[in-house]
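Trainee: Numbers 1 to 104, taken from full-length UniProt numbering, label the letters of the sequence shown in order.
Calculated from the structure, these hints are not laboratory results.
From a predicted model like this one, the values you see are computed outputs, not experimental measurements.
Backbone N, C-alpha and C define an ideal beta-carbon position, used for all residues, glycine too.
Heads up, a few of these hints could be off.
Taking CB as the label site, the calculated pair distances span [what the hints assert, rightly or not]: (1) P81 x D38: 29 to 35 Å; (2) E25 x C89: 30 to 36 Å; (3) P17 x R68: 17 to 23 Å; (4) C89 x R28: 17 to 23 Å; (5) T21 x G70: 18 to 24 Å; (6) E64 x E98: 17 to 23 Å; (7) P17 x D38: 29 to 35 Å; (8) D36 x A80: 14 to 20 Å; (9) G39 x P81: 25 to 31 Å; (10) C89 x V22: 28 to 34 Å.
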Amino acid sequence: MQSQFDAEPAGPLVLPPHGSTVVAEDLRVRLVLASDVDGDIVVDGSDVESIGQAVLQLLIAGREEAERNGHGFTIANPSAPLRSRLEACGLATLFGLEEEDQVQ
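Take the sequences, apply the hints, and build the full model.
Mentor: Following this line, the structure appears as structure tokens:
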């Protein structure tokens, strides 16, 4: 059975449109698997329409784990709702995203 987070083995981990508590356990497993592989973790946020606290916490933990292992953690192609949520929670800088009102 495939997960909604499935991606090509070397490809990005794709976040679902609605990142709720219901999908958090599946995301946790995928982040653990990704952290066990040598290399940077890339999370594709292009499809995100909404994201809850549980998924945000997992992204923070995944980033911290990658950093501890000497790897990068990137949120690629963040959708407008994802970017807005990260900014509202004060997490945009943590994930290397400039706040939109600062971008020229």
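Trainee: Check each numbered hint against the structure and report the violated ones by number, ascending.
Mentor: 2, 3, 5, 8 and 10
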